[in-house]
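Q: As given, the protein sequences belong to chains C and P, one line each in that order.
Using this note's numbering, the letters of the first sequence map in sequence onto residues 12 to 168.
Using this note's numbering, the letters of the second sequence map in sequence onto residues 12 to 168.
Hints were generated in silico from the structure; no laboratory data involved.
Just so it is clear, CB atoms sit at the ideal spot from N, CA and C, and this is done for glycine as well.
Honestly, I wouldn't trust all of these hints.
[Unchecked claim] Coverage of chain C stretches by chain P, computed from C-beta distances (three or more under 8 Å per stretch; other residues unrestricted):
#	segment
1	59–65
2	125–139
3	155–161
[Stated by the list, open to error] If the Cβ cut is set under 7 Å, some of the chain P residues that face chain C in the computed set are:
#	residue
4	63
5	148
6	152
[Claimed, not checked] Some chain C residues well away from chain P (every beta-carbon gap over 12 Å; in silico):
#	residue
7	84
8	91
9	93
10	111
11	114
12	165
There are 2 protein chains.
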Amino acid sequence: MTIYRVLAVATALLATGCAPETMDLEAERSALREAAASYHAAATAKNVQQVVALYDETALMVPPNSDLVEGLEGVGNYRFGFIETEGVELSFEILRAEVAQSGDMGWTISLGQITINRPEGPPGRDLVRDFHTWKKQPDGSWKVVVDMWNSGLPAGG
Amino acid sequence: MTIYRVLAVATALLATGCAPETMDLEAERSALREAAASYHAAATAKNVQQVVALYDETALMVPPNSDLVEGLEGVGNYRFGFIETEGVELSFEILRAEVAQSGDMGWTISLGQITINRPEGPPGRDLVRDFHTWKKQPDGSWKVVVDMWNSGLPAGG
């Protein structure tokens with residue numbers, strides 16, 4: 012092995028070994044969208060345990076016109092409107108989703124069409140905007156760390 | 012120069028050149044909190060230009076009970092309540108702030124005490140929760156990419 016051969020190997024090692032860490036951002040973004048879709052599926056199915064399981068230990072929930080809900084225990088005790096209100100049907104779409112270059116933080120914003128079926132008369136409707144920041148967990152899953160929402164319909168409508 | 016010397020140099024290069032990029036997360040978190048504090052100062056001073064200058068080109072604003080506001084142009088045309096409403100006084104505190112490991116994304120959640128001074132009678136009050144995700148710009152500054160807020164007081168209160 013000549014010095015030139017050693018240098019060639021060292022150069023090759025430097026070229027590959029020092030390339031910026033290859034985070035497959037497209038895959039991360041897909042994983043985040045899948046996590047958001049799981050949240051929507053769990054809410055649509057009114058499976059509160061599955062919904063709660065998607066929150067981070069340090070979660071902060073900010074319901075409109077109500078106090079802050081802090082930590083996973085707080086989220087576990089929270090009375091979700093879509094569970095508590097009779098006759099609710101949900102339908103969500105993800106509006107935008109972004110992931111940090113490091114793949115440890117992301118956010119999603121989703122639109123939720125809410126229909127409230129009543130025994131008589133026309134159904135009630137609401138349009139909710141769900142804004143979530145997500146934190147990648149040690150096991151690679153994504154969990155919600157901040158959850159705020161509000162309505163797109165006029166107040167008192 | 013022996014082969015061993017070349018290998019030693021190559022090893023040293025590999026060791027330093029391949030160390031993970033050192034991102035000073037504490038400094039990034041401080042910079043993000045300073046950006047949030049600038050936002051609060053601009054809003055408190057009712058300097059709408061300074062407020063608008065803190066939004067990203069792709070900003071999405073989600074006011075309660077109102078349509079989505081999209082892009083920097085949309086934000087520039089938005090009629091901020093704290094400007095439009097006479098007699099408003101604002102006071103903010105940052106509740107939590109986090110930055111991604113890569114330092115390109117962050118979020119803040121702040122509490123805003125709103126006092127609405129009126130010519131007669133007691134002042135009106137509101138408690139707003141401001142939830143911002145931020146995007147690091149090419150020049151190193153932080154700008155708001157999603158802005159949602161809601162009130163912590165009972166609806167119609």
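Q: Taking a Cβ-to-Cβ distance below 8 Å as contact, does the segment 155–161 of chain C have at least three residues touching chain P?
A: holds (count 5)
Q: May I ask you to test the interface hint for residue 148 of chain P with respect to chain C, counting a Cβ-Cβ separation under 7 Å as satisfied?
A: 14 Å, violated
Q: Checking the smallest CB distance to chain P, is residue 91 of chain C really beyond 12 Å?
A: 16 Å, holds
Q: Count the residues of the segment 59–65 of chain C whose CB lies closer than 8 Å to any CB of chain P, then report whether that count reaches three.
A: violated (count 0)
Q: Go through the hint on residue 152 of chain P and say holds or violated, using the shortest Cβ distance to chain C against 7 Å.
A: This hint is violated: residue 152 of chain P lies away from chain C, its Cβ roughly 17 Å from the closest one there, beyond 7 Å.
Q: Closer than 8 Å Cβ to Cβ for three or more residues is the test here. Does the segment 125–139 of chain C pass it with chain P?
A: violated (count 0)
Q: Report holds if the minimum CB distance from residue 84 of chain C to chain P is greater than 12 Å, and violated otherwise.
A: 17 Å, holds
Q: Does residue 63 of chain P meet its interface restraint, that is, does its C-beta lie within less than 7 Å of any C-beta in chain C?
A: Violated: closest Cβ of chain C sits about 20 Å from residue 63 of chain P, beyond 7 Å.
Q: When you look at the beta carbon of residue 93 of chain C, is every beta carbon of chain P farther off than 12 Å?
A: Holds: least Cβ distance 17 Å, greater than 12 Å.
Q: Hey, is residue 114 of chain C genuinely clear of chain P, shortest beta carbon separation above 12 Å?
A: 8 Å, violated
Q: Grab the minimum beta-carbon distance between residue 111 of chain C and chain P and tell me whether it stays above 12 Å.
A: 3 Å, violated
Q: Is the nearest Cβ of chain P still more than 12 Å from the Cβ of residue 165 of chain C?
A: 5 Å, violated
Consistency note: the structure conflicts with the earlier hints numbered 1, 2, 4, 5, 6, 10, 11, 12.
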